[in-house]
Amino acid sequence: MSRIGVFICHCGENISRTVDVERVAKAAEKISGVAYACEYKYMCSDPGQNLLKKAVIDQNLDGIVVAACSPRMHEKTFRKAAQSAGLNPYLVEMANIREHCSWVHEDREEATTKATEIVTMLVERVKMNKKLQPITVPVTKRALVIGGGIAGIQAALDIADCGHHVVLVEREPSIGGHMAQLSETFPTLDCSQCIMTPKMVDVANHPNITLHTYSEIENVDGYIGNFQVTIKKKARSVDMDKCTGCGVCMAKCPQKKIPNSFDKDLGMRPAIYVPFPQAVPNTPVIDRENCTYFKSGKCGVCQKVCGPGAVDYTQEDQLVVEDIGAIVVATGFELYSIGEKPKGSAIKGYGEFGHGKIPDVIDGMTFERLASASGPTGGKILRPSDGKEPQQVVFLQCVGSRAREKGISYCSKICCMYTAKHTMLYHHKVHDGQAYVFFMDARTPGKGYDEFWRRSIEDENAVYIRGAVSRLYQKGDKIVVMGSDIALGIQVEIEADMVVLATAVQPRQGADLLAQKLGISYDMYNFYSEAHAKLRPVECATAGVYLAGACQGPKDIPDSVSQASAAAAKVMTLFAKDELEREPIVAKVNDKNCVACFYCKKVCPYGAVEEKEIRDRQGNLIKVVAWVNPGVCGGCGTCQASCPSKSVELDGYTDEQIMAQIEAL
Amino acid sequence: MKNSKMTLSTETMNLDFVKKVEKLSDSSVRRCFQCGKCSAGCPMRTFMEHPPNRIVRLLQLGQYERVLAGRSIWYCASCETCSTRCPNKVDLAAIMDALRKCSWDAQGASKESLVQLANRLFLENIRTYGRQYEMRLAAAFNLHSGKLLKDFMLGPKLFTKGKLKMFHQKNKNLAEIEKIFSRIEELRRKGEAP
Amino acid sequence: MKNILEYSYYPGCSLHASAKEYDESTQGLFKALRIGLKEVPDWLCCGATPAHNVDELLSLSLCAKNLELAKPVEGDLAVACAACFSRLKTAQHKLAGNEEKRRQVEYALDAPLALDKPVKHLLEILAKDFGLERLAEAMKKPLDGLKVACYYGCLLTRPADVPELDCAEAPTIMERVIGATGAEAVSWSHRLECCGANFTLSRPGVVIQLSNEILASARRAGADCIMVACPLCHGNLDIRQKEIEEASGEKYNMPVFYMTQLLALSAGVSPTRLGFDSMMVSPMPLLREKQLI
Amino acid sequence: MIGPIGLIRRIGPIKEMIMHAEKLKHDFEPKLVAFVCTWCTYAGADLAGTSRMQYPSNVRVLKFPCTGRIDPVFILRAFQKGADGILVSGCHPGDCHYMAGNFHARRRFATFRKLLEFIGVDLERLQFSWVSAAEGGKWVEVVTELTERVRSMGPMHEFKELELEECWSGKLDTAELKEAYEAIP
Ligand SMILES: Cc1cc2nc3c(=O)[nH]c(=O)nc-3n(C[C@H](O)[C@H](O)[C@H](O)COP(=O)(O)OP(=O)(O)OC[C@H]3O[C@@H](n4cnc5c(N)ncnc54)[C@H](O)[C@@H]3O)c2cc1C
Ligand SMILES: Cc1cc2nc3c(=O)[nH]c(=O)nc-3n(C[C@H](O)[C@H](O)[C@H](O)COP(=O)(O)OP(=O)(O)OC[C@H]3O[C@@H](n4cnc5c(N)ncnc54)[C@H](O)[C@@H]3O)c2cc1C
Ligand code: SF4
Ligand code: SF4
Ligand code: SF4
Ligand code: SF4
Ligand code: SF4
Ligand code: SF4
Ligand code: SF4
Ligand code: SF4
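Protein chains in written order, with the working numbering: chain C, 1 to 665; chain P, 1001 to 1194; chain X, 2001 to 2293; chain D, 3001 to 3185.
No lab work stands behind these hints, which were simulated from the structure alone.
Glycine included, each C-beta is placed from N, C-alpha and C at the ideal position.
Keep in mind that a hint or two might mislead.
[Stated by the list, open to error] Computed far set for chain X versus chain C, every beta-carbon distance over 10 Å:
{"no.": "1", "residue": "V2040"}
{"no.": "2", "residue": "L2132"}
{"no.": "3", "residue": "A2136"}
[To be verified] Per the computed footprint, the stretches of chain C lying under chain P, defined by three or more beta-carbons under 8 Å from a beta-carbon of chain P, are:
{"no.": "4", "segment": "375-387"}
{"no.": "5", "segment": "477-490"}
{"no.": "6", "segment": "529-542"}
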């Protein structure tokens, strides 16, 4: 037998003006199982709450219905009150007789009837309510950051500065990402290296950061607060602990002619190398594919010249397992390169631009390396084919981007700005040179951005032509650019010395594979998806995984850094408590009835359903059933409605509770 | 017309015409975002008063009179450069075909549609002989277009090279060919084909 | 000797008239390679550019009729003319994807459509079916030292997803095929530019201007001659070359070969049977200079 | 005991019953039940309240975490228990708090509507709509319209009468329903 207490609120006159609260209370008293009913002027006031607490104790109530405002307003208030009187908070329900009744109806008779019925329905429901305990999950306060570009670096530093341990995993031999390759950066034109390298050094020196470079994520298990992450450390062939970074090995290595991808293949590097002089860590790796020793067993020079004896040809890949509470993904982007049809890319390629076979047609990042003081030309703009200074440079925007027929329909967001920057850098370095830009729109919606673009035209001599280019072809040592000016409606032909393509920003190759390991979702292009575009832009739908930087969509540095700090803040919020507490509105599977059809698994938007093996004492497999991971379940109830054998049930919204409400109609 | 102010309203924008063009050409005109790539590569641009991108723009605004008034559509060579390179798969070459058909249907031959005249004669040739009979085609064109001397000089030379035949061997299946032509005409009469 | 491959053959109107040397050399080459060609009986004009310019439905119907006629003839359909090839492929493509047009064409033909026969350009047959290696082996007389500008024009590869012959923007199939003879394919800029195509009758001025640029580009690249796979291109570049020279004041004297003429020559077919005397710009001085005849 | 599918079979031709409902039309106050999700429509209905909009008092609201939780059985049962019209309303497509719950709901109801039609329920009595937390006005519109519509259709007898014989079994594992679920990708 249940003992339900019903409390009807007047809300001053907000309710009592249209609802005859006394009559409702009288009617409530008569419902079977109701042990106590009363009305009061302001239920949420202190005296109102005390009235409720007292009744819980005095009347020995085992369920409560407060008929008042919307549960969205005061459900928490009354649940807390009940709890302080010793009643499980999930035995309290609210009957919404204000927003859904007194405020929307004028007829007192009708409103009173409706209020009574609402109360009845909730009384029936509360009878079926179960005591629920908030779910607690322990939190391992160690964060994993994947990707050591500016976004990953920022997130790692913020979390580490807050006192939590961070494991930073970077695929390349050095952290730094794309920003380390840039020359000067818009919109302020400060030198990228100058603002970047101090942060890289901070990472290396931070007591709370473990850095795994030349490493990749092998496997991810577990869930929010409790991930086990396996990291593969690729063999560096150099002992990190012994190496002093003296560089002798690199100087002596006879294999010197390997194109350096950091310099977009414009410069050369030895087989034992660091990608760039400011690399962090400053420990070389041996590129085994190009090393003579690994190819033919001969050479061994680096080992001989290394004073501390750090070179170790026998090193093998190593697996490290880390316990992690939260993961920040910051794997950044890749530029589309215009060669034939790029593997794994949606882009079909640009035959009309020569498929990247004209040597002086380069991409934006190559231009950055040419303009960088620490680049292969020492900051001189020289064209790749013959090292001459180009007198006419044509820039093409939106190459690959905004071209659904080429495979990508989105705007790459950063190229309008970096092209404007490139025209300026070019003008600074080649004073009498002329820059032309073919563009459709200038998309410069940032603080100081449009002013920056205008400056390139008004102060820095760039000629902007609104229109696209149809074809590029080599004519002697010139590149003929066939474009059009749509404002004038005439064709434009320019014989250029160099052409720079603002090629599309794309996710990393293999971004989808990492997403599958992490169980996070990604869009049709492989950019990672945030939980909500506006209100949860740094969280993944998968609890405990956060996004930072260009892996989520094209972003410039300010955006990447803001998002990284936001992701760090989210991680810190999670780490603020020792245990994760959450509403116990989660689904549970009844092992007995489950027929293992796994519809639930198919429909669960959170990927919370797993397959569980049931074994007898001898360890023999009896059957496989569904199991809902309470740490992951979002509580939507879709599984329950989909389960053909009614084996899964959402706490707080059980069939019994709902049916009871319907029965009371 | 060319330089007159354009007043836009639902009355002055003939979107039905645009829909007809879209249907005939199997291509959307609304997808075009006016990048100008079509015009940048069009070999015939210098002969046209409206570059291809502007043709699409005028269509977007329902300005069919402006589109049809000019010579632009008659100078398109159907080379498909525009359609091949358009980033949005606007099939401009097919749109040009559709516009030519609309223009011819509405106004018949104009000064600008000499090409169309040649085209029509070409098709007449097929209807009568099943295959092209170049000598007759050239003669008929010159007769119709009033350009009697055109290619007069080339004729005899081709002839001596064996490239123009005086007599044509007719196809055996001429009846079937005639049937195709007349059944298409029939479809049109019944309004079942554009 | 038995043939290695068998095809049905759609020559197209031009090959029976202004492009008869294309037909002759094709027959000669294919015989030498032991590839059978059976002409489709009573084929009719594909409608070329004029048909779709005026009347798409007619264009589709004519092509569909030809495919119907070709159906009983053994082998995939070999097509020599780039324009015919483009029209036949376009018709297959459009009719496959549009139920309404299909119905209309079916009505016009008064017969169910027979569209399935693969339509192949000669280039495709040589490069893919026959194979470049076998082709190279069959070349008896190397064309060493001959610098050829391969001219695709606009119809052979466009639009991107229709002919499926090669990449629409950077094709290499002609270069690969002629490479089998040992001739050098020059790299040049106007391979894919339009020659003015069917304006040849109505607006020769246009043709002269566009074709002039093509000839100039080929000469700039150091080509001895141009190689084409289309009678329209040939008409504009060869037949009108004199006019072009008069209008531009340039002197090109640039022979324009059909690709089968060069291949057949290399395959050892007698030069007298390749229609060299039908060409307006005589190739004889060049062929003699390079000691190819 | 038979499951709902068995129940459906036994109802047989019920069209005639709808006919004599005409008489009651004017002095009839229909009972409406709304199954709504917490995040969007419930909040939208709250907004209608805070904005003091007025609408007919016939509707009773049942709150769910998500439309994805709404089992078709609830709808059948509500009809049995005297509902004359039912509204199912949640977040707009793409706005679901749980990302895809409303999407699954839509799929499921597409199949379910066919079942209802099959057993002779006039689908006019069952409305699906999207009302966001910001659409207090739309809530009022939807509820008012449905009330008027159902009022003009008269009471729904066919299921109420069955109540006497039937008891809801709580099991839904018949072949037919299984097949219907198979259709959900
Ligand atoms: C030509 C050019 C010029 C630019 N100029 C400017 C400018 O002037 N101003 C400006 O604000 N922005 C500029 N940008 C944009 C800027 O480069 C980006 O905003 C920024 O680099 C994004 O940083 P990120 O950390 O998100 O990505 P990234 O820099 O791409 O870093 C990602 C890191 O993750 C690592 N990684 C990837 N996958 C894995 C994996 N699976 N496991 C482990 N590690 C992985 C990568 O190796 C890399 O180190 C420019 C971009 C380009 C292309
Ligand atoms: C017409 C329009 C349409 C838009 N549509 C969209 C859209 O569709 N999608 C989208 O993403 N964005 C949209 N936006 C942008 C969006 O409104 C803003 O991004 C967002 O509101 C910014 O939020 P905020 O909190 O920074 O600023 P605000 O919303 O301006 O909030 C600032 C708050 O601070 C208070 N305040 C100000 N000064 C003081 C002070 N001295 N002391 C105390 N309080 C103070 C103000 O009263 C205000 O409540 C739109 C904007 C406009 C103008
Ligand atoms: S509990 Fe709600 S209805 Fe009651 S007085 Fe407080 S606000 Fe008003
Ligand atoms: S490996 Fe040895 S030689 Fe090379 S940098 Fe390190 S310490 Fe110097
Ligand atoms: S062993 Fe390899 S890395 Fe070392 S010096 Fe020789 S080539 Fe260079
Ligand atoms: S940012 Fe500018 S250049 Fe880049 S895709 Fe967008 S519009 Fe084009
Ligand atoms: S849907 Fe139900 S029966 Fe099927 S696996 Fe999930 S819990 Fe088990
Ligand atoms: S309630 Fe929703 S989130 Fe939880 S397991 Fe079921 S479907 Fe997944
Ligand atoms: S190329 Fe395509 S999108 Fe660009 S202007 Fe031409 S039709 Fe429009
Ligand atoms: S098809 Fe016509 S419009 Fe298009 S590029 Fe060729 S000539 Fe120009």
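Worksheet item: In terms of beta carbon proximity below 8 Å, does the segment 529-542 of chain C have 3 or more residues touching chain P?
Response: violated (count 0)
Worksheet entry | L2132(X) non-interfacial with respect to chain C [C-beta, more than 10 Å] | holds, 19 Å
Worksheet item: Quick check: the segment 477-490 of chain C, covered by chain P? Criterion 3+ residues, Cβ under 8 Å.
Response: holds (count 7)
Worksheet entry | Non-interface claim for V2040(X) versus chain C (Cβ beyond 10 Å) | holds, 33 Å
Worksheet item: According to a criterion of three or more residues whose C-beta lies within less than 8 Å of a C-beta of chain P, is the segment 375-387 of chain C covered?
Response: Violated, because only 0 residues of the segment 375-387 of chain C bring their Cβ atoms closer than 8 Å to Cβ atoms of chain P.
Worksheet entry | Cβ separation check - A2136(X) to all of chain C, threshold 10 Å | Check passes; 24 Å lies beyond 10 Å.
Comparing the model with each earlier hint shows violations of hints 4, 6; every other hint is respected.
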